[in-house]
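Colleague: Could you put together the complete structure from these sequences and hints?
Residue numbers (my numbering), protein chains in the order written: chain A, 1 to 371; chain B, 1 to 371.
There may be inaccurate statements among the hints.
Since the list can't tell identical chains apart, any single copy or any two copies may satisfy a pair.
Said to hold, decoys possible - No farther apart than 25 Å at their CA atoms in a straight line, the calculated lysine to any residue pairs in the SDA-like style are these: (1) LYS179 <-> ILE202; (2) LYS74 <-> GLY292; (3) LYS3 <-> ARG201; (4) LYS86 <-> ILE344; (5) LYS298 <-> ARG38.
Derived by calculation from the structure, the hints in this document are not laboratory data.
What follows is the residue order along each chain.
2 protein chains.
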Amino acid sequence: MVKPDFEVIATDGSARAGILSMQRHALKTPTFMPVGTRGSVRTVTSQDLEEIGADIILGNTYHLMLRPGEDLIKGFGGIHGFADWKRLILTDSGGYQVFSLEPKVDDGGVEFKSTYDGSLHRLTPERAVDIQCSLGADIQMVLDVCPPIPAEKRVLEIAVERTHKWAIRGRSHFLSNEKTFENERAQFGIVQGGLDRELRRISAEQIVEVGFDGYAIGGLSVGETRQEMIEPMQISAEGLPKQQLRYFMGLGDPAGLVEAIACGVDMFDCVWPTRLARHGTALTMQGRVNLGAARYAKSDDAIDPEFYASPANRWSRGYIRHLLSVGEPVAGRLLTLHNLAWIIDFMRRARESIVQGTFVDFRNETLQIWG
Amino acid sequence: MVKPDFEVIATDGSARAGILSMQRHALKTPTFMPVGTRGSVRTVTSQDLEEIGADIILGNTYHLMLRPGEDLIKGFGGIHGFADWKRLILTDSGGYQVFSLEPKVDDGGVEFKSTYDGSLHRLTPERAVDIQCSLGADIQMVLDVCPPIPAEKRVLEIAVERTHKWAIRGRSHFLSNEKTFENERAQFGIVQGGLDRELRRISAEQIVEVGFDGYAIGGLSVGETRQEMIEPMQISAEGLPKQQLRYFMGLGDPAGLVEAIACGVDMFDCVWPTRLARHGTALTMQGRVNLGAARYAKSDDAIDPEFYASPANRWSRGYIRHLLSVGEPVAGRLLTLHNLAWIIDFMRRARESIVQGTFVDFRNETLQIWG
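Modeller: This is how it looks when you write it as structure tokens:
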């Protein structure tokens, strides 16, 4: 058995439908993870997330290690106890946020200043494991180096090399501590290489050689166009073992999602659906709808008349538009619930099309509206 | 039968427990009305309010007539249809907010500038009725003149006089339109008179003589001390018919509530519990608790360990404290739900003590903690 227990139950081209079973919870893939940056998905609670059918959420190590600190969260029984969330949690390594702060990097690790109070902190592959253990993550990510796009070849090479070295150290530290873990835990490796095909191939090979419980495609969806993204993503995915989970970090728009699913990716996270929501935009079967617009003032339609399972279907576009226009905070909440439920349902529909062998149609229809 | 159907089912001293039955919904008194200023109680939905057991909410005519406008709301079937709220709605007349804007007042009505866009509007006793009909209020308030405290005797006298004249006009307009109402509607008169005993007596007599479906005590809880408030409140309440509903406008702290209930008041509204919530303060059986304080960082206690029915009992003080400290909006939501459920439960306990003849104890215990 591959750990964690992941089974591909259907394929359609390279796209696949699977089941991830962990002690705490099982989920169907492809799956979307709402982002709970600071121990809460903005405007909603763990109870709301259960009700809309979220199976797994993402927590940000960078934020949580600084506020309220991993030891405090550990005292509550990890994020699960702290936020009272009973399903799965994946945490990032903190690296992505840290590298956006122009930190001091050397082979040993990375030194950065807290955006909360300017205090100095150091993250190493080993410490990233320890923090994520304290946070109680079911799936944790190894520390990697995520360069910006575009980046010079030399910068990408150093990033891939360091990502490899850190993967070895992070994995070794994880495995040597494995017997002390209180719950089932998995660790994922991360493939880097920017938009460079050769570096993507090399990085995938290196990370797979280290051997993880699953693999992520990192360093993409950071500003490049969708067309630029597709080939490096394909190459990365092709280099990963078929029987293990594949996670594309930071992707959440329907067009990007179907392209990644077409390459055989299983897991996704992104702030996009929730950020759009807080700015008044709803995801619908006909595309984005900006409910702040005056033309919706008298509309008695539901937010998305074709999405019957929306948790916000009791309220009309006109009502939401009013709440947005007078700054009532519940507007952002209702749209967050709607958009998360919508994108989770979108993943369900993607999966169904894979199972039924109609994924090509699903992909084309999605690209027509969202491409 | 007095309209709306209100029955006192138990008394303890002057305190009383009753039942208000309207076609749409029935409720037990004493009752507390959450304030839905702009068609939404801040941070929560109509569904949340159903779940915490709110029977009636208050809508602000001033805000709703300006944004989104009463005609738009009428098109949605009133606030009930707009916010999808199936229980009772009471609307104020708009006067209270308008008088805080230093408007131009004459015997005919009041002219004011919108705080949204500076546009000029006029409110008259007749127009206040019409707007509240468009909003679909189950209970509407007559337009009155609410002077500040302290105010000179002459100012109070003019206010009482105009309140009387406007009551006659407002009532007459309401009754002459009654056959056009699509749903059962009640109209309440308002007693004014500031802190002046004699004017309170006169105002109560005048308003009762006009004859309404229920009566409110207005112009108190506007900055005076609780001690200053009690006598004018008592005098106002004593002047009102025993078989009809009595509503104290703008009161919501437990000590004030028990004093008013002791005088035989049945209905209350206030932004206090919800405003406190958004600032991080919880209502508990032991008094206020400011959950923003660092000493709660590691607390695994519930928000109020003695209030078992809190809708936020899944989350600890420590978690709420963290959410507050990093500015997660869901903190204000959870505390709003908690505080509203707490104050609704407080009214239930008050009622129970009246039914059981132990209201004196309930009042003393409340004053010990909240007085």
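Colleague: Which constraints among the numbered hints does this structure fail? Numbers only, ascending.
Modeller: Number 1 - this is the single hint that the structure violates.
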